[in-house]
Amino acid sequence: MGIVLHITPADWGLPSVNPSCLAAVLFLQLSIPGNFSVSECTNPDASPTGQLPYLTHDHHVAVNFSSIVKYVSSLEGRKAGEYPNANIDQGLSKFQLSQKTAWSTHAETHLGDLLYYMLYSVSSNWVNMTCQTLSSQFPRPQRYYVPFRIRELYRPRLEAAGLWSIPDVEKEPKKPFKPISPEVEKVENTSVFLQAFEKEKVTEKAKPILDLYSRLLKKDYFFERDRPSALDAIVAAHILLLLEPPYPDPVVKQLLLDSYPSLVTHARLIFSQTLAASAPAMSKVLAPISTWRDVLPSMPWSRTSRTRSEDEIRFDKLRWSFFGLVVGSMVAYLSVVGRNVKIRIVRAEDVAEEEEDEELEEGDGELEDS
Amino acid sequence: MLALPTPLANLFALFPLRTYPPILPLSKKPCTAPTLWVQSPVSPDDTLSADVECLKWQAYLAFRGLTAIHLRTDIHPEGCIDRRLPNLHTPSAEIEDGELLPARLIPTWVDSQKGAVDPNLEGYTDEAARDESRAWVTLLEGAVHAGLLLVQPQPSYLKQILAFSFTPSLSFTWSSADQSGTPSSNALPGPSFQTLVTPPPPPATGLTSPIPPSGVRVSPNAVMTRYRDAISALSERLGTDRWFLGSSEPTPLDALAFAYLHCILEFENDSIRVEVSRRANLVAWEKRVRDTVKAAFTVV
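Just so you know, the sequences run in chain order E and V.
Numbering-wise, our numbering puts 105 at position 105 of the first sequence, and it's gapless, one number per residue.
Numbering-wise, our numbering puts 254 at position 254 of the second sequence, and it's gapless, one number per residue.
By construction, these hints were calculated from the structure, which means they are not laboratory data.
Incorrect hints may have been included.
Claimed, not checked - Derived Cβ-Cβ restraints for the label pairs, each shown as a range:
(1) E:LEU286 - V:GLY215: 28 to 38 angstroms
(2) V:ARG104 - E:SER135: 33 to 43 angstroms
(3) V:GLY65 - E:ALA160: 25 to 35 angstroms
(4) E:GLU310 - V:VAL137: 53 to 63 angstroms
(5) V:VAL300 - E:SER93: 47 to 57 angstroms
(6) E:PRO182 - V:PRO21: 19 to 29 angstroms
(7) V:ASP45 - E:ASN189: 51 to 61 angstroms
(8) V:ASP241 - E:GLY13: 38 to 48 angstroms
As the list claims (entries may be wrong) - Covered stretches of chain V (chain E as the covering partner; in silico rule of three or more C-beta atoms under 8 angstroms from a C-beta of chain E):
(9) 73-84
(10) 129-139
Where is the CB? At the ideal position from N, CA and C, for every residue including glycine.
Same shape as in the complex, but just chain E (with noise of 0.2 angstroms):
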């Protein structure tokens, strides 16, 4: 069992939906090619954390973008020749790293709330695309709900940046007949407006942060490399699932495309390193078929699982041993005192006809007295 990364499953021509995951993906693309394995996952809970991505390499568990990276980072020490350039970072200072982190968490927050913002948010991009797509990954019973809820959980983040969209009101049709009050036209003109300006809002909050990254970008790769880094990784994600996806309503990628055609460029790169025909194929894992388990919740107490000592096997051994003998001895005895007792079933109608019986016979004697 060699290294296998656990991702939500493919679509709009990218491994993964998710831009952890994706992120993950292109990162194990460029450190070690080819020594990995894919296996699409629809059930998070599956994860030791509930999120996707996770990786597993014989015992070790990597949970998260950071550790994965961490975990593969460190492959390249451990057992020579075998997985040789997974350390990427490698050539970066200690200053350079430290600047990395600080970076990398700013792309997954900022680049992730856009991101957010255009798959979950925008009403039109969460009916015609984001929901379809989740649903058809999801098995029966999950895909009627499951899709929602990752929704929601984007929810109390987006609104905290400010991000979350209002809600599309249902137009009714116009009637020809129908009188035009001025309330009803009043409300409808106020969504119009806020939704028009939402888009400048949203416009207004991408272009600092997506300035910055085309800033940092000097040359073809994050920190003035030849080579790319996990930055590079995890922004190209990001841009990537900005760009690609068929979004009816492209608001950041119609920007991305118009004015930071260096991001498009970079993001673009990586892909052709990673994922496009000329780049090392990845295997893929069949995912385990989805059973009646994965609908049960997972519990904090079902998810520690601790081996238990020799001493524990033996009681429990003697605890179930006595109380077979109880059961066993209880048998026994009820067979032994009720070996006289006959249990004869007697339904109401049949004590109801003996005791009418009863009644018709005294009844006779009475007649014969008089």
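Since the structure of chain E is already known, use the hints to place chain V on it.
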């Protein structure tokens, strides 16, 4: 003249009309110097607030060269603008009671007192440093704050119920996120794990189960790993510099970093304090900056 009937007059005599002297507002003190309303410090004779957000603005004011600022710690967050501490109460010539400013307007006021800083560079050495400061601010407000939130003592269930029934908050909405009683409480539900951790944590009952989702499933290990990485990166970046990012003068980033480092070092929980206290440069920096900030404030 129509006289009141005697029995009725006797009855009314049982309830004599008394006029009490007017009650003067107790808290009305003339505002003579700029006064910052903050969450109370850990010890009463200390001048540094125990709340990160308040301390950040204290450090900001001190770094901009303001001195002799008064502190008030007796104000409930719900008495503030935006229901959030800190607020700045400034004496004003036109308005009798002075002017009250929310935290976001403090920089404008400071600019009017001390002259504006270059809005393009914001006090950083160059454009690259200004861009980089954004990344560090995110790191502090995300990874470090999540670490702080993880070890924050949660009020027990019983205490929450008691706090709800006996000391109702001033507002009429009660949310479970309101952590009244903890030293860093602020009236609005502050940042939670759902807004701090990226990607957002799943519900405690799992995503795919048919049970309606409730709770948050935060992995303490993941949060602590990020916190550790953040502190070590911060220490690496400071090096032996006087201020962060090689600035010659303190910047907003320094104010934020000081607020977090001070709160972590004052915290009674070892697991997060040890990460800072074993890095000599951070401890020395915090100690040096603390004296500067302390000197600028006096408790009223």
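Hints violated by the structure (numbers, ascending): 6, 9
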